[in-house]
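Protein chains: 2
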Amino acid sequence: MNLHQSVLQGDRLALARLLTEIENDSAAGQQALNELFKNTGKAHLIGVTGAPGTGKSSLVNQLALHFRNPTNGDAARRVAVVAVDPTSPFTGGAVLGDRVRMRELSGDDGVFIRSMATRGSLGGLAAATAGLVQALDAAGYEIIFIETVGAGQTEVDIAKLAHTTLVVNVPGLGDDVQAIKAGILEIADILVLNKADRPGVEAAERALLGMLKLGHPTKRTIMHHGQAQTVESTDAEISGDMWIPPIRRTVATDGKGIPELAEAIAGHRLHLEKTGDWKLRDRARLESEVETLLQQSLVSRWRENVNAKKYEAMLEQLLARELSPRQAVAAMLNGDTAQ
Amino acid sequence: MNLHQSVLQGDRLALARLLTEIENDSAAGQQALNELFKNTGKAHLIGVTGAPGTGKSSLVNQLALHFRNPTNGDAARRVAVVAVDPTSPFTGGAVLGDRVRMRELSGDDGVFIRSMATRGSLGGLAAATAGLVQALDAAGYEIIFIETVGAGQTEVDIAKLAHTTLVVNVPGLGDDVQAIKAGILEIADILVLNKADRPGVEAAERALLGMLKLGHPTKRTIMHHGQAQTVESTDAEISGDMWIPPIRRTVATDGKGIPELAEAIAGHRLHLEKTGDWKLRDRARLESEVETLLQQSLVSRWRENVNAKKYEAMLEQLLARELSPRQAVAAMLNGDTAQ
Chain A
149 MNLHQSVLQG DRLALARLLT EIENDSAAGQ QALNELFKNT GKAHLIGVTG APGTGKSSLV
209 NQLALHFRNP TNGDAARRVA VVAVDPTSPF TGGAVLGDRV RMRELSGDDG VFIRSMATRG
269 SLGGLAAATA GLVQALDAAG YEIIFIETVG AGQTEVDIAK LAHTTLVVNV PGLGDDVQAI
329 KAGILEIADI LVLNKADRPG VEAAERALLG MLKLGHPTKR TIMHHGQAQT VESTDAEISG
389 DMWIPPIRRT VATDGKGIPE LAEAIAGHRL HLEKTGDWKL RDRARLESEV ETLLQQSLVS
449 RWRENVNAKK YEAMLEQLLA RELSPRQAVA AMLNGDTAQ
Chain B
149 MNLHQSVLQG DRLALARLLT EIENDSAAGQ QALNELFKNT GKAHLIGVTG APGTGKSSLV
209 NQLALHFRNP TNGDAARRVA VVAVDPTSPF TGGAVLGDRV RMRELSGDDG VFIRSMATRG
269 SLGGLAAATA GLVQALDAAG YEIIFIETVG AGQTEVDIAK LAHTTLVVNV PGLGDDVQAI
329 KAGILEIADI LVLNKADRPG VEAAERALLG MLKLGHPTKR TIMHHGQAQT VESTDAEISG
389 DMWIPPIRRT VATDGKGIPE LAEAIAGHRL HLEKTGDWKL RDRARLESEV ETLLQQSLVS
449 RWRENVNAKK YEAMLEQLLA RELSPRQAVA AMLNGDTAQ
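Protein sequence lines correspond, in order, to chains A and B. If you use the working numbering, the first sequence closes out at 487, no skipped numbers anywhere. If you use the working numbering, the second sequence closes out at 487, no skipped numbers anywhere.
Only chain A is shown next, with the shape it has when bound in the complex (with noise of 0.2 Å):
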């Protein structure tokens, strides 16, 4: 049987597997993507993120447990974690990930957990995250959600893969952190102050406030090369559908005030579906993966093309500063060294 047949029927080994060949971007692994893509599209894709710190790894895996076993009566869902871990190869941080989360979900079939150390910086973990998420979404698993440490721009590209974001505050956290939240507020549909039994709470749940009327008074998605970007809204737009995101307390560790988040986290789903929303963000979302596609493609075209003696030599004009980078680029598309 095929990788992407033994995924469909559940094959948990299979599925594994078909991760790791995604993350090693191999034939196989692209072979079976493209097999499985027509079952893709039915997940509820949920972003996780903020600062170090601030306990995202707890709530995941509380909301994880939340979505097995709902209390508000709706059935169980299959539930998977993409964790992205800025932790090198060598320190294996991300397999210490998977082993620690185990404990509290272990021996669950419809809990499936990945993760996924950052290497290199060829700019592909965006584009291999996209593609595990993939396979998670063709294998049955209803919601899926990505973890990302850190607040980066690619925190910010993972992000854009989700449906819904959750960004994740606490309370006590200094200025420079307060500056890095202010950035990635951007992308929050739920803001999420989670330790919410410490000091200082009613601080930061009013400096998040204070936050959102200055950054989310109109917020508005549209596509933009095939990127969702938040712009201001028109006036006559802000009288119809719009989202704010409400900010809810959690104690990931005890579990408190997570039946709450997960009710936010379906009620934005609602907002999604009603106002065509899903739609965009799914349509935004495949439009950004074939531009990195695309771009990967063309560059390894021209490369297998390219003269090595001709590159080589341009190589060391640049390195004598004969030419600029741009005019070295101008001179191996051209053949000539205009501008």
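Source of the hints: derived by calculation from the structure; they are not laboratory data. Only a predicted model underlies this, so the values are computations on that prediction, with no experimental measurement involved. Be aware that one or more of the hints could be misleading.
What the hints assert, rightly or not - Coverage of chain B stretches by chain A, computed from C-beta distances (three or more under 8 Å per stretch; other residues unrestricted):
1. 178 to 189
2. 443 to 456
3. 467 to 480
Claimed, not checked - In silico EDC-like pairs for lysine to aspartate or glutamate, Cα to Cα no more than 20 Å straight-line:
4. 190/B x 470/A
5. 308/A x 345/A
6. 190/A x 464/B
7. 458/A x 222/B
8. 186/A x 439/B
For each residue, glycine too, the CB sits at the ideal point set by N, CA and C.
Following the hints, complete the assembly by docking chain B onto the known chain A.
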């Protein structure tokens, strides 16, 4: 007079205008960079990164003050700072950053500080930062700090622009942050333990030493696809010139440990020059910049010639999940739908 000529003559306003043109990737900025490129390659580029709240800005301010007024008899150096802030355009974080810094270093013509907000996700941040650094280098700044907030892939990419990378840590951060540190330890040439007057500094130093032993037994920089990468060295290489990242304790708020840190920076520069790594890093940086520009050029050339109707048709098939993203790209490039 042209913009680049004014910059070469030390006109600060012209330099500020040029940096804006570069950030906007305008034709004027590109042309000026082409002209100025032959004047680059002299500055010592120092990357400063680390988790939020570690006091990177204060540390860079203190180092800038030190290099302006060296206590060891060296000549004063001209210093520039490029601070990359992951804040959104509308919160104005970057602008505020400039003002806060200015109080400490204002009125000194030998200092130039520029904050840069991250914008969009077109992958242009590292490229724009490279452009700013080239302009400042050409304008005669001898030491250029590139300061990034956070520890994501973007920060790693930007750190790769530098000759010397400082990774800043503080005592007493949680496990989550430790994981991040492990990820960026690979890029550290010097480890700074800031806020060293806090409790837990001994334990933090032991933890860093432990991670260093794990990660840097055999550090060596090579080039791979135009990127400087760290690989394991052979035994023969280990017996030669190795750089073991030193740990320096500082209290940036009162300047403690700054002369010793400056000395470590100067020592790393000497090491780079002695081993030839200075040229190697220069080459890796320029190759990486050429790669990025090449990618952008290939995509925009392709886009100019693409049939818009055919592109839309492919997108529709993608959204209907009749074609996978990879199949859609193959179809657009080949004119057929083979994988």
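Next item on the list: Run the structure past the numbered hints and jot down the numbers of the failing ones, going up.
Entry: Hint check: 5, 7 and 8 fail, others pass.
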